[in-house]
Amino acid sequence: MQISGAQMVIEALIAEGVDTVFGYPGGAIMNVYDEIYKQDKFQHILNRHEQAAVHAAEGYAKASGKVGVAMITSGPGFTNAVTGLADAYMDSIPLVVISGQVPMSLIGTDAFQEIDAVGISRSCTKHNYLVTDAADLPRILKEAFYIASSGRPGPVHVDIPKDVTAQIAEFNYDIDLNLETYKPHVKGNPRQIKKAMEAIAKAKRPLFYLGGGIINANAAYDVRDFVHKTGIPAVETFMARGTLAHDDDLLIGMLGMHGSYAANMAMSETDLIIALGARFDDRVTGKLSEFAKNAEVIHVDIDPASISKLVNADFPIVGDVKNVVLEMLEQVDKIDAERYESWRETINNFDELHPLTYHEDSERLKPQWVIERVGELLGDDANISTDVGQHQMWTAQFYPFSRPRQFISSGGLGTMGFGFPAALGVRAASPDKISINFTGDGSILMNCQELMTAVEKKLPVINIILNNNFLGMVRQWQTLFYDKRHSETDLSVQPDFVKLSEAFGGIGYRVRTKEEFDAALKDAVEKGVVAFIEVLVERFENVMPMVPAGGSLFNMMLLEKKESK
Amino acid sequence: MSENARRVISVIVVNEASVLSRVTDLFSGRGYNITSLTVAPIPDSKYSRLTIVTSGSVRVMEQITKQLHKLIPVLRVYEHEDMVEKEMAMVKFPITENLSDINAISEAYNGKIVNVGDNIVIAMVADEPKRVDNYLNAIKRYNPKEIVRSGAVALER
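Residue numbers (this note's numbering), protein chains in the order written: chain D, 1 to 565; chain C, 1 to 157.
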């Protein structure tokens, strides 16, 4: 059929099964918004900032496992969205972001709201397109969805000049994509898999190192099966939280800069790392030359560029982690779970020596208590998002995650302002779960305008603001490494968060005690309206334990020992 | 190979807009310089061949090669070790110089005088990049006015 470029966008989104689009209109994308107005196949959520629209699409994608879609205009609309693209790129989140562009005839003339969008997005997307002819649109959009969701997922940006959205051309979405130059390697090499299984059977102190790729590949339940059948203990990265349930006996905990002592010691003592969908990030390894010195490495990853990038892999396996784990499960009888009994005991001793905990020794509430308490009260019923900073690390440490896709946070890029809009996307994708966003008094102000989106679209995200009147994580580093010179991190001058929420039509609570917190959370859940729960927490609490930047994993700063918890 | 040794990489890419920037971004983003770069379409196909001469550590080059593979329009990447490598150069001389010398030297490097104007002559040579260096040294005494090098092209043996 002969339709306009703008109509093609709508038809393609419908054909891809998109049910929610996040976005913000503007001059160059108006033709497409005109077609959005005329259709009723998907909902459009009007965020109040383009960055938030992309974060919301990320939250939607992470919670649902589908491709998230965001739509924005040219110029400032696009540049506002760049942080979201970069965030999705770092965390391998499948997105298709469609931006308007000035008409072809004006490109390169410094036209109103013109910016070289594909030039900017090139380095922070998996792929991008500038559409110069509406006849190419069906193929480009189909490729965009395919590339975003296959292989190592990531954001794809499609920039469409305004005249192309008005151009009439033939639309046929029934295209056989033949991308000769893009063929993701999904099946692991059987010989390598066999060798890896033999190495596992021979190892004395093997350790699973579970990464976010497992969740992207929908492989968490197969990995659980594999871990249980082998009896090999496991550490999780920040991005992998929820792969194993929090109460799994074989889960040691999170490793890395703010990982548990036991997890980091296990990594330092292991003789065989079984890395599944993890990428040996600097926040995980600490000082590379001291990292897991005595270990051989099995590295399973869909991205060949991640293998042997930082740590040499003795058994590299390029493939989809789900496929590879299923293959490994077929050979699991080679492995005797009894064999690792004393290794598991060693790790338990590490944990008893320095368990992950905190002290309740202040007048004000401890932030860790708040997170644990939400876990006790809501547990599996909540999806958990976070912003970036101390509260984020405490959430990863103390929330009892029980399933994959329960925890949504900005890991790679560390984007303050991510949490609230992402939680809106999470809620849109899974309305049957309570959507909690743990945030800080710094982060929440970076996208607080999303209160309006939440009120308008009835997305009752509960934002728990752990307020220490500090830009806490930077303050912690200043305390520890800059001789307590708290440069520009004191956030004592603040808005009234209760009134702020109320001004938009949300609800707000200011909480000082445990009783007040329980009551506020209960009330917010019952009311089902977007909420700010501001919790006044201990100002100088540090995230512990900690591997100082550039330090070795086994050389952690630890929580001081005290009797009380 | 030693750290920061000279390296030659060939990349086969789909011949489309923006593909060159995708490739060169991987170098510039790491602060790596490209010594020379040639691009031309491969006959009877939708592909082009890039030849990149650069230098860098083994580890970073391996990363760049893998990242090149990851680019959607990249079909193949060769990090050459055993190759035939050629480069062309053209040099402009005043017509008053000793033309038979210039021609004779150029012939030693697979070239000759290819153009004669009112005031200048142009000689071209095509040889291994190292030998082109030698040629350019040898002709210094004939007052070359302008020199252009094409950048290297390479084929694996």
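Hints were generated in silico from the structure; no laboratory data involved.
Here the structure is a predicted model, which is why all the values come from computation and not from measurement.
For each residue, glycine too, the CB sits at the ideal point set by N, CA and C.
Keep in mind that a hint or two might mislead.
[To be verified] Under the rule of at most 30 Å between Cα atoms (straight-line distance), these lysine-lysine pairs were calculated in the BS3-like manner:
(1) D:K287 with C:K70
(2) C:K112 with C:K130
(3) D:K183 with C:K46
(4) C:K112 with D:K309
(5) D:K187 with C:K66
(6) D:K41 with D:K309
(7) D:K194 with C:K46
(8) C:K66 with D:K66
[Said to hold, decoys possible] So the derived label-pair ranges between C-beta atoms look like this:
(9) C:E79 with D:P103: 48 to 54 Å
(10) C:S28 with D:Q39: 40 to 46 Å
(11) C:S21 with D:R512: 53 to 59 Å
(12) D:L310 with C:E156: 25 to 31 Å
ask   = Does the structure keep C:K112 and D:K309 at a Cα separation of 30 Å or less?
value = The given pair, whose Cα atoms are some 48 Å apart, is violated under the 30 Å limit.
task = For D:L310 and C:E156, compare the CB-CB distance with the range 25 to 31 Å and indicate the outcome.
result = holds, 29 Å
query = Is D:K194 within 30 Å of C:K46, Cα to Cα?
reply = Roughly 40 Å separates the two Cα atoms, so the pair is violated.
query = Between C:E79 and D:P103, does the C-beta distance stay in 48 to 54 Å?
reply = violated, 43 Å
request  = Quickly compare the C-alpha distance for D:K187 and C:K66 to 30 Å and report which way the hint goes.
outcome  = holds, 18 Å
query = Regarding the pair C:K66 and D:K66, is the alpha-carbon distance no greater than 30 Å?
reply = holds, 27 Å
message = For D:K41 and D:K309, compute the direct alpha-carbon distance and say whether it is at most 30 Å.
response = Roughly 44 Å between the alpha carbons, so the hint for D:K41 and D:K309 is violated.
ask   = Does the alpha-carbon distance linking D:K183 and C:K46 stay inside the 30 Å limit?
value = Between D:K183 and C:K46 the Cα gap is close to 18 Å, so the pair holds against 30 Å.
Pair hint D:K287 and C:K70, alpha-carbon separation not exceeding 30 Å = OK: D:K287 and C:K70 at ~28 Å, within 30 Å.
task = Sort out whether C:K130 lies within 30 Å of C:K112, counting only the CA atoms.
result = holds, 18 Å
ask   = Does 53 to 59 Å hold as the CB distance between C:S21 and D:R512, or does it fail?
value = holds, 55 Å
Assessment of proposed distance window 40 to 46 Å (beta carbons of C:S28, D:Q39) = holds, 42 Å
Comparing the model with each earlier hint shows violations of hints 4, 6, 7, 9; every other hint is respected.
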